[in-house]
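In order, the protein sequence lines correspond to chains A and B. Using the numbering used here, the first residue of the first sequence is number 1, and each one after it goes up by one. Using the numbering used here, the first residue of the second sequence is number 492, and each one after it goes up by one.
It should be emphasised that the hints constitute simulated quantities derived from the structure, not laboratory data. Certain hints may be false.
What the hints assert, rightly or not - Listed next, the stretches of chain A that the computed footprint assigns to chain B, with coverage defined by at least 3 CB atoms under 8 Å from CB atoms of chain B:
no., region
1, 65 to 76
2, 203 to 211
3, 233 to 240
As the structure is a prediction and not an experimental result, all values here were calculated from the model. Cβ atoms here follow ideal geometry from the backbone N, Cα and C, with glycine treated the same way.
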Amino acid sequence: MSDTSLSMLTLHALKRLVAEEKLTPQAILDDLLARIQRLNPALNTYVHVDPDALRSQLADVLKQPRRGKLWGLPVTVKDNLCVQGQETTCGSKILAGYRAPYDATVIAHLKAEGAIIVPRANMDEFAFGSSTEHSAYGPTINPWGGGRDRVPGGSSGGSAAAVAGDLAVAALGSDTGGSIRQPASFCGVVGLKPTYGRVSRYGLVAFASSLDQIGPITKDVEDCALLLSVIAGHDSQDSTSAPVAVPDYLQSLRQPVKGLRVGIPELPVEGLDPQVQTAVEEATAVLTKLGMVRVPVKLPHIDKSVATYYVVATAEASSNLARYDGVKYGTRASAAGSLMDMYLNTRNEGFGDEPKRRILLGTYVLSQGYYDAYYLKGMKVRTLIKYDFDEAFQRCDVVLMPTAPTPAFRIGEKSDDPLQMYLSDIYTISANLAGIPAISVPCGFSPGALPIGMQLLAGPFQEEMLLRVASAYEQATDWHQRSPELNAAKA
Amino acid sequence: MSAPGQTYETVIGLEVHLQLATATKLFCGCSTTFGASANSQTCPVCLGLPGVLPVLNEHAQSWGLRVALAFNCKLASTMKFDRKQYFYPDLPKGYQISQFDRPLAQQGHLDIISGQELKRIRIHRIHLEEDAGKLLHENSQTETFVDFNRAGIPLLEIVTEPDMRTSEDAYAYLVELKATLAYLEVSNCNMEEGSLRCDTNVSLRPCGAQTLGAKVEIKNLNSFKAVKQALEYEIVRQADALSRGEKIFQETRLWDAKKLLTESMRSKEEAADYRYFPEPDLVPFVLDASLVERARQSLPELPAQKRERFQQKYGLSAYDAGVLTQERAVADLFEQSVAQGAKPKPVANWLMGDVLAYLNTKALTLAQVGLKAEALAKLLALVDAGTLSGKMAKEVLMHMLEKGKDPETLVNELGLRQISDTSALDRLALDVIQSNPNVVAEYLRGKATSIMYLVGQGMKRSRGQANPQQLTDAIKKQLETLSSSDTAQTEVRS
């Protein structure tokens with residue numbers, strides 16, 4: 001079998017070919033399914049794919065009189081987005097067998113535009129992790145790195161690895177502390193976390209409600225703009241979604257960036273890989289060559305973001321995961337004498353180590369006598385971090401920094417050291433705490449041929465600005481056009 | 492044994508949970524109708540399925556505002572919700588969306604009449620929250636089922652300051668609260684269906700003491716009567732314990748309505764840590780001033796205000812005004828009847844007597860019987876005009892309540908028109924006298940009470956339609972004629 005597939009193309013390229021009737025949606029789906037069948041056993045990007053269901057979905061879409069923006073094009077979705085009638089497990093045993101009775105708002109938007117929904121991309125259990133090693137369905141393997149021994153990042157590692165390995169044309173992930181951007185960076189693809197409130201969270205299985213956002217993971221910036229334009233917008237079912245008009249994100253592409261100011265912050269550099277530092281410095285040079293003005297900015301509280309995040313996010317997570325109690329759906333422990341036994345056994349057997357760790361942390365920080373010292377203080381520091389960015393965006397249009405401190409690490413390298421694992425999100429977490437949009441774009445490779453990503457951040461609802469700068473950078477470089485060598489992955 | 496009330500002062504506070512009768516639930520569009528088959532009124536949101544989010548029902552909020560204003564509260568400037576976290580199978584999300592540090596309203600009051608005294612009970616706070624589901628144990632020996640129809644129904648929690656001193660105060664507070672809420676038309680206030688639930692806190696302290704004693708919370712109170720009984724039991728129990736030198740500890744006790752006593756459920760140490768924190772799915776928002784103003788405008792005249800006005804305007808006693816204003820429909824019927832020309836006091840008597848007695852016996856509401864003010868005023872006018880005797884009017888009223896017909900129609904149908912025509916009554920009197928010569932003779936010999944028998948015979952012959960007073964007069968008149976002019980003749984005959 002030759003190592004080419006229609007799934008190597010972008011959404012916008014396929015869209016054009018379908019519109020010109022040079023390709024049929026059937027051909028695209030067939031190619032995609034063949035690729036998944038061939039490569040998924042080695043990479044484990046999907047926890048489950050149902051070819052028959054996908055073909056019947058396509059047949060229904062082809063009958064639609066209106067050709068939507070994504071008519072007949074497959075979009076892969078993370079296992080924490082509810083798709084009506086499909087299993088949604090968040091990579092957890094505790095939700096085994098749970099089928100969502102409704103579509104998440106983003107899924108409904110994709111369906112309305114004729115997209116073929118391809119569930120279920122692998123993820124860290126309940127999105128708790130930075131490596132997609134903490135999945136009840138086993139780890140996902142990064143398509144990059146010849147030894148097949150690298151993590152894809154996480155928690156949207158399945159989505160990012162699938163897009164990078166062309167087991168997906170484009171995908172949706174979710175980002176609570178970097179879960180779209182860090183895997184995008186590790187897998188050499190584009191990942192956008194929108195402004196909090198830009199995309200409805202209805203139907204996204206909650207991790208930390210005040211931080212979660214759904215966003216695209218794509219092969220290039222144009223696909224990112226295309227997907228965002230479909231999923232963004234106010235939703236009456238999500239009280240935290242913003243009634244802010246959705247601009248035409250595709251219009252913001254290929255606009256000149258001359259004169260825009262790029263803010264370069266002073267960052268904590270402990271643990272920052274020099275290769276990454278070099279790549280980001282070179283990216284800065286590319287942007288200045290395009291006419292952007294480099295300005296120094298200060299983010300004085302950014303070094304507190306990991307600590308703050310692990311108070312706020314675990315508090316909310318401990319609450320959001322209380323509903324998995326064995327009463328209504330999912331796993332219920334068989335050995336259950338009393339009600340308390342049922343709770344304890346169900347949650348003990350159903351949750352993996354990382355959810356247990358975070359539930360314990362979150363319960364602790366909300367407990368009587370500790371609330372003020374942890375949760376309340378955490379919320380105050382969060383406000384300070386938000387002020388830092390407000391201040392910074394007085395001086396610049398975008399802030400540039402690495403997405404992750406290192407390229408993809410080895411499987412197992414950090415799984416026994418939660419703190420080291422948490423630190424791999426050090427640069428991504430602050431955008432979630434501040435509620436601002438951020439995008440990760442490929443900006444180089446390590447000497448070991450592992451992708452490196454840079455991160456652009458902008459003020460609230462300034463996704464257009466991010467896409468504009470990211471697109472200009474992408475046009476000036478060719479990092480995004482490189483693909484991993486996957487013949488060795490033939491199972 | 493100590494004598495309670497002499498050595499100790501009782502301090503009582505009440506917590507009422509009120510289901511708002513909005514058409515839909517607090518955070519989703521599901522129906523709130525009572526008694527539907529289990530779990531038929533649920534959706535992903537109120538079942539707490541993965542991925543769902545709450546959206547506030549604006550009706551519930553504005554109804555909450557109306558209650559808060561009716562209880563004279565200060566309103567919060569910002570609406571903020573919090574999560575109250577605990578595990579129980581009837582709680583689908585593992586937390587209840589409630590309000591913790593910034594309740595909807597604070598610092599209000601409700602004026603009650605307890606005994607003969609007007610008392611002001613201060614309201615500590617009112618907050619909005621969602622109800623939980625219900626566990627069903629009846630269907631199986633080995634399994635428990637859950638019905639989530641109730642989960643997500645809007646609840647208002649209304650908490651008083653510890654301002655009540657007797658079980659009568661508590662009872663009177665609940666009566667006034669229920670009357671006020673019924674006027675606002677925001678809740679069914681039905682304790683049996685659980686749309687009104689009540690817990691009470693009670694503590695004792697030495698008379699004159701300023702600090703409060705350890706409070707005991709009593710739960711499982713299923714009627715106003717149970718609240719009163721439980722308090723009476725608990726006051727004695729605590730007083731006995733204190734007089735024996737025992738200490739009262741803060742705890743929660745359950746009322747057993749069969750054994751008529753309270754039993755310890757949990758101590759303060761066992762109390763749960765609810766780990767309240769701000770609900771991140773509902774961002775706090777500033778309460779719109781126009782919304783508050785609309786709620787204020789929509790307030791009806793409340794029972795306390797009406798009670799006062801009825802005394803002033805209609806010269807009713809405080810008691811009468813209190814009874815008449817307890818239900819808005821009764822108060823309205825009273826006023827409308829007066830507007831139709833009826834005199835206030837007789838209308839009040841008829842309503843408080845026969846009408847309310849009928850409704851209580853039959854467990855009906857005024858709306859269900861369809862008694863109209865026009866009809867009631869007409870009935871009273873018929874009594875005034877002498878067309879109906881009081882007894883006849885009672886009979887007509889019963890028919891009016893049962894059939895909803897006009898009193899004049901009923902008078903004709905039942906043939907109940909009172910005979911007040913003088914010549915007809917004279918004929919009837921003569922008839923009775925001629926038919927009962929022995930009784931007449933007795934009367935003439937001086938047995939004055941014999942006349943009652945003659946009147947009774949006359950009433951019987953007229954099938955009750957004769958005006959009894961006028962008939963008595965007519966018989967008397969004719970008997971007097973007999974005794975003065977025809978004495979000789981009568982004596983001859985005998």
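Status of each hint after checking the structure:
1. 65 to 76: With 0 residues closer than 8 Å to chain B, the region 65 to 76 of chain A misses the three-residue bar; violated.
2. 203 to 211: Per the Cβ count (7), the hint holds.
3. 233 to 240: Holds, because 5 residues of the region 233 to 240 of chain A bring their Cβ atoms closer than 8 Å to Cβ atoms of chain B.
Consistency note: the structure conflicts with earlier hint 1 alone.
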